[in-house]
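First to last, the sequence lines map onto chains A and B.
Per this note's numbering: the first sequence ends with 639, consecutive numbering throughout.
Per this note's numbering: the second sequence ends with 1261, consecutive numbering throughout.
Hints were generated in silico from the structure; no laboratory data involved.
Any given hint might turn out to be false.
As the list claims (entries may be wrong) - Derived coverage of chain A by chain B (criterion: at least 3 residues anywhere in the stretch with Cβ under 8 Å from a Cβ of chain B; other residues may be distant):
1) 135-149
2) 622-629
Claimed, not checked - Facing chain A, a subset of chain B residues (Cβ under 10 Å, in silico):
3) N1045
4) I1066
5) P1141
6) D1143
7) P1150
8) A1162
9) K1233
10) E1235
11) A1238
Idealized CB from N, CA, C, for every residue including glycine.
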Amino acid sequence: MELNSRIPDGPIDKKWEKHKFDLKLVNPANKRKYKVLVVGSGLAGGAAAASLAELGYEVECFCYQDSPRRAHSIAAQGGINAAKNYQNDGDSVYRLFYDTVKGGDFRAREANVHRLAEVSNNIIDQCVAQGVPFAREYGGLLDNRSFGGAQVSRTFYARGQTGQQLLIGAYQALERQIGLGKVKMFSRHEMLEVIVVDGVAKGIVVRDMVTGEVTSHVADAVCLATGGYGNVFYLSTNAKGCNGTAVWRAYKKGAAFANPCFTQIHPTCIPVTGDHQSKLTLMSESLRNDGRIWVPKRKEDCGKPASQIPEEDRDYYLERKYPSFGNLAPRDVSSRAAKQVCDEGRGVGPTRLGVYLDFSDAIKRLGAAKIEEKYGNLFEMYERITDENPYQTPMRIFPASHYTMGGLWVDYNLMSTIPGLFVLGEANFSDHGANRLGASALMQGLADGYFVIPYTIGGYLAGIKPGTRIKADDPAVKAAEQAVTDRTDKLMSIGGKETPTHFHRELGKVMWEMCGMGRNEAGLKKALELIPQIREEFWKNLRIPGTGNDVNQSLEAAGRVADFLEIGELMCLDALERRESCGGHFREEWQTEEGEALRDDENFAHVAAWEYKGEGQAPVRHTEQLSFENVHLATRSYK
Amino acid sequence: MTKNLNLTLHVWRQKNAKCDGKFVEYPAADISPDMSFLEMLDVVNEGLIRKGEEPITFDHDCREGICGTCSMVINGRPHGPRERTTTCQLHMRSFKDGDSITLEPWRAEAFPVIKDLMVDRGAFDRIIAAGGFISVPTGSPQDANALPIPKQSADLSMDAAACIGCGACVAACPNASAMLFVSAKISHLGHLPQGQPERHLRVRDMIAQMDAEEFGTCTNHGECEAACPKGIKMENIARMNRDFIKASLTYRPATSGGGVG
């Protein structure tokens, strides 16, 4: 397998400009002769489907939700970064680029990150023009806030619902194209196979989740924008339906999977209350602008109400350990620090797996009204879930799985190792290295969808003769459909005793314990023994009532869990092989005396891309060397 | 620790749009008050699956009150008893031990039942496709700060844009009217200067589609506002009606003379 990143020549700030000019164009009259499939309708998929249709391509878009407006991008709360420098505080494209490479702990591709920073400003312009109601100052200009890992205010926001508003912007653009007949939308459809002919992506197979019907769609190119695989942990901030099936199907058809072990554990989520827990709710990172994180200095105080612990007995551990970034230390660093204090027995709440996020100082300084204006809906959400009033008692928070930096390997054009298969947004691996900074996921999703793929896909399609796509009755199409039907039949016929959720929970426990915030060789090896056992039990003892010919949510869940049971194994394998600590990947064997991550740039300044070799065969680890010509490799310090 | 609850559920079961449905009784035993309503249903469903019975089908996804997927009428109220709360954010501490809970799908002609508590809300998407947007192709805009927007306008726009498209307003309305949903979009875009060029066209096209989908009309009951989990206000409907009247009076068919040369 060849990993050619196709990074253009030239200085970093000229690469994208030059590449856009070098890419071949498709003649406007020819565009309608090409069909592109977009799987997923979140920020990346929705933006791509709308933008490609505007250009004139024939587009079909698929989502598992009942409407494209419900993709999980909608749940992003805090904001979106852009290098506008409207605050005159020293921001620039270069600084956003620099912060993102550093924040990713030097495991992202410089050229991709620079492009992301360049187009960040176009995104804000585009969204404002679409009618996204970003927060504004009284003078009518856009407001900004700060996010972790940055010392400038570059985050644009719409109350605590930025993801929702950006998605509605993309959704409206998409619906406009649907109304014009340029995009054909398939809601409640799940992609279950990629059709590959002679090594080239030619279409997909989907299951209609209402009728159970399995159908094929052939095209000239396929874009996967299907999000991350964070639900491998069972409990995560992802929506219940988020899954890794599309990327996993692509992996098994020849798309390399890059850095699967790079997962983000978000520091501020509402803690688990019991075994019934089905998901975890994030409390936006923006809260760390005004909230102070602390635990009691002494274990003995942990059972007392927060109000009875005097100031001098509190340990504001982020402010103590990282004085220059304080409560806005990046996510990986903050999550690990929370784990450390809980491991020391200083956690709070009934399970002792929690730390305080306290707004009392901010309320004193700014008044409750100002805090309500900034974070009202988040406070309300917290109160609804926990029955505690955060204006009066500090919030309790704990880290949870939130985002996956790993994903399908793509080149500079966002094309995977299968020609014709492009991967956008969280589903690819490209921009965040080993740790993503807050407010950068929305930026990347929209950058890929609005401003990257419309150019790069043209470069690919220009090399294909119009009208040469395969026919619907091609043997490869029939074979792919058959594979999907067989798999469904196999799942339905197990006839065991346990529910899909049972196995998902079992897998989640193993992943969280052994491949979560802290990883070590013994634990990962143990996980690599346990996961195949759970998988074996799954295929022997699963029970799915009903049939495959109508709505069957157990069948949908089972198919996703079956794939998670394989993804989890690859994550552990990748984590085991990456013998260093970087970003969200913390190998306990590699840490400094103060417990900070210890990178090994000599041996691991590369992307690990895994190639599938067949059932029962060990996957092969390939590497793409990363070179840092602009941001020099240095130990990340937020002290 | 509060005591766990034992409840009786009366759940609407319906195989598909063509079949008749009926209420079926299920016990929900040993339910923690800290569970969300959907987690309670998960527990009931796990039990049904283990017994080999078909679990209750219901729509859900983000489980944090923002995606708008969850949709059920709980004891006669869309999203249940708590104000401004979606079903997924409703917690079992809102119920008492021994309670009977009735669960039904959204009931409206325009939202046909797919299965059990799951309905088809595609009509909402078609209304947006008819005009709920600003026509701005990717790549064409000016700088975001080139056009200042008064904070109040942006705030009012955001208030309306908070709509999650769940359809509770339709389910609550005795006429199954979608006017709260449609008017929220009209206000979201109508409060902004970017939304002005298409303002009249938008309201005409969206209302035409709303009528084509056979939603009822508003007769000022106010049930929609009471049921809305995001606090969308009825004043939006008044605003939409004003826009619609203005648009109807000033409507001129498009001319086709331009562009020669």
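For each hint, the structure was consulted:
1. 135-149: holds (count 8)
2. 622-629: violated (count 0)
3. N1045: At 8 Å from the nearest chain A Cβ, B:N1045 passes the 10 Å test, so the hint holds.
4. I1066: This hint holds: B:I1066 lies near chain A, its Cβ roughly 5 Å from the closest one there, short of 10 Å.
5. P1141: holds, 4 Å
6. D1143: Since the shortest Cβ distance to chain A is 6 Å, the answer is holds.
7. P1150: holds, 5 Å
8. A1162: holds, 7 Å
9. K1233: violated, 16 Å
10. E1235: violated, 17 Å
11. A1238: violated, 20 Å
Of the hints listed earlier, those the structure fails to meet are numbers 2, 9, 10 and 11, in rising order.
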